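Respectively, the protein sequence lines represent chains A and B. Mapping of the first sequence onto UniProt numbering: residues 1 to 209, in sequence order. Mapping of the second sequence onto UniProt numbering: residues 1 to 209, in sequence order.
The set of hints was computed from the structure by calculation and includes no laboratory data. Values in this document were obtained by computation on a predicted structure and should not be read as measured data. Where hints are given, some of them may not hold.
Claimed, not checked - Pair ranges (Cβ atoms, derived): (1) B/P57 <-> A/E157: 31 to 41 angstroms; (2) A/V149 <-> B/D112: 22 to 32 angstroms; (3) B/R15 <-> A/R18: 31 to 41 angstroms; (4) B/V149 <-> A/E39: 47 to 57 angstroms; (5) A/Q50 <-> B/R15: 52 to 62 angstroms; (6) B/V137 <-> A/S9: 43 to 53 angstroms; (7) A/R208 <-> B/P57: 23 to 33 angstroms; (8) B/V137 <-> A/G93: 37 to 47 angstroms; (9) B/S13 <-> A/T190: 26 to 36 angstroms; (10) A/R153 <-> B/T190: 18 to 28 angstroms; (11) B/D91 <-> A/G159: 54 to 64 angstroms.
All C-beta atoms, glycine included, are put in the ideal place defined by N, C-alpha and C.
Protein chains: 2
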Amino acid sequence: MAPTKAPDSSRRSDRSRRAIHDAALALVGEVGYRRTTIEGIAARAGVGKQTIYRWWPSKAAVLMEAFLDLAGRAAEEAGPQSGDTAQGIPDTGDLTADLKLVLRATVDELNDPALEIPTRALTAEGIVDAQLGAEFVSKLLEPQLALYVTRLRAAQEAGHLRADADPRIALELLIGPLMHRWLLRTLPLTHAYADAIVDYTLGGLTPRP
Amino acid sequence: MAPTKAPDSSRRSDRSRRAIHDAALALVGEVGYRRTTIEGIAARAGVGKQTIYRWWPSKAAVLMEAFLDLAGRAAEEAGPQSGDTAQGIPDTGDLTADLKLVLRATVDELNDPALEIPTRALTAEGIVDAQLGAEFVSKLLEPQLALYVTRLRAAQEAGHLRADADPRIALELLIGPLMHRWLLRTLPLTHAYADAIVDYTLGGLTPRP
Chain A
1 MAPTKAPDSS
11 RRSDRSRRAI
21 HDAALALVGE
31 VGYRRTTIEG
41 IAARAGVGKQ
51 TIYRWWPSKA
61 AVLMEAFLDL
71 AGRAAEEAGP
81 QSGDTAQGIP
91 DTGDLTADLK
101 LVLRATVDEL
111 NDPALEIPTR
121 ALTAEGIVDA
131 QLGAEFVSKL
141 LEPQLALYVT
151 RLRAAQEAGH
161 LRADADPRIA
171 LELLIGPLMH
181 RWLLRTLPLT
191 HAYADAIVDY
201 TLGGLTPRP
Chain B
1 MAPTKAPDSS
11 RRSDRSRRAI
21 HDAALALVGE
31 VGYRRTTIEG
41 IAARAGVGKQ
51 TIYRWWPSKA
61 AVLMEAFLDL
71 AGRAAEEAGP
81 QSGDTAQGIP
91 DTGDLTADLK
101 LVLRATVDEL
111 NDPALEIPTR
121 ALTAEGIVDA
131 QLGAEFVSKL
141 LEPQLALYVT
151 RLRAAQEAGH
161 LRADADPRIA
171 LELLIGPLMH
181 RWLLRTLPLT
191 HAYADAIVDY
201 TLGGLTPRP
């Protein structure tokens with residue numbers, strides 16, 4: 001998305017870009033999506049609004065990129081053993097362990113205020129604004145969900161997942177309860193809960209012979 | 001919540017109350033929770049704003065009651081065979097069939113624009129406003145979830161559900177995916193999806209011997 005630029009201006013551009021991302025996330029967390037404006041982001045980032053207009057076509061585009069940047073940074077900080085999905089879901093051959101690792105990491109991310117507050121603001125707006133919601137889902141959510149599909153298909157090939165289960169539906173049994181509890185704050189979102197979801201989903205609720 | 005009133009004013013009160021409910025739901029669907037005001041509801045319902053202030057302590061209280069009223073009416077229209085949870089979840093002895101009935105009815109409700117639009121507006125606001133969210137959950141959501149706990153405990157007693165499964169977590173495997181798909185509009189919310197959730201959740205995803 002960055003325009004071609006001379007090498008000596010590239011570091012300054014990266015700094016401005018990061019400042020704009022941070023300003024956009026802070027603002028959307030404070031005043032909500034609707035009241036966040038390009039002008040407000042520019043003022044907070046200490047750049048001219050023309051800088052933003054030159055790089056992004058819309059407020060939504062700034063925010064999408066800011067979220068991708070933030071998620072990438074969170075994953076880097078958490079390190080390669082964290083269940084970071086940026087490199088795909090690990091495949092150690094133990095489906096239960098791999099899914100618990102990833103769901104626990106997701107719990108940690110959702111409980112991190114730096115991610116939580118802007119994510120809530122954007123999700124809430126997507127719930128009432130179908131167009132923004134669709135963009136949010138296709139750019140931010142579906143790439144994550146695709147990683148589950150890949151891991152679940154591998155499990156099917158290894159005989160660890162029922163051959164007749166649709167991975168695209170199966171992943172919703174893992175992600176849906178987590179997001180539901182987080183969004184509606186019904187009960188605390190913990191590692192124990194992540195583990196229970198994986199155990200219940202894989203093992204099923206009816207008694208096994 | 002209704003004050004003591006003379007019998008001859010009671011029918012008029014009921015009409016006003018219903019008009020206020022309808023106005024509140026319509027308004028919150030159109031302009032969102034924050035921009036809905038007591039004055040706006042009064043104007044739309046054709047009553048004085050003092051009437052609303054006399055009956056309800058807050059905008060949130062009007063809306064909570066309006067949702068309960070709307071859900072009650074929807075359940076009445078759908079009839080007793082609809083999987084209406086107002087009378088509890090049916091217990092025919094067939095857990096799979098009973099859960100499919102209820103989840104299909106929930107799909108129908110969520111796809112009904114009269115319920116969908118105001119429910120989205122209130123849910124979105126609860127996601128960013130923790131206090132409103134908590135009120136929404138305790139008054140509207142938890143009473144519904146309690147019906148699942150009751151049905152799932154009965155299934156445990158009948159030996160149809162694993163004895164070591166926590167019904168409060170188990171129900172989230174049913175409700176979470178449904179709400180996730182509806183809120184984020186990832187894929188169509190259909191009866192087939194409701195059935196798949198029940199089958200996957202009860203049977204589990206790992207191969208059975």
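How the hints compare with the structure:
{"no.": "1", "hint": "B/P57 <-> A/E157: 31 to 41 angstroms", "verdict": "violated, 59 angstroms"}
{"no.": "2", "hint": "A/V149 <-> B/D112: 22 to 32 angstroms", "verdict": "holds, 31 angstroms"}
{"no.": "3", "hint": "B/R15 <-> A/R18: 31 to 41 angstroms", "verdict": "violated, 59 angstroms"}
{"no.": "4", "hint": "B/V149 <-> A/E39: 47 to 57 angstroms", "verdict": "holds, 50 angstroms"}
{"no.": "5", "hint": "A/Q50 <-> B/R15: 52 to 62 angstroms", "verdict": "holds, 57 angstroms"}
{"no.": "6", "hint": "B/V137 <-> A/S9: 43 to 53 angstroms", "verdict": "holds, 50 angstroms"}
{"no.": "7", "hint": "A/R208 <-> B/P57: 23 to 33 angstroms", "verdict": "violated, 51 angstroms"}
{"no.": "8", "hint": "B/V137 <-> A/G93: 37 to 47 angstroms", "verdict": "holds, 40 angstroms"}
{"no.": "9", "hint": "B/S13 <-> A/T190: 26 to 36 angstroms", "verdict": "violated, 47 angstroms"}
{"no.": "10", "hint": "A/R153 <-> B/T190: 18 to 28 angstroms", "verdict": "holds, 23 angstroms"}
{"no.": "11", "hint": "B/D91 <-> A/G159: 54 to 64 angstroms", "verdict": "violated, 36 angstroms"}
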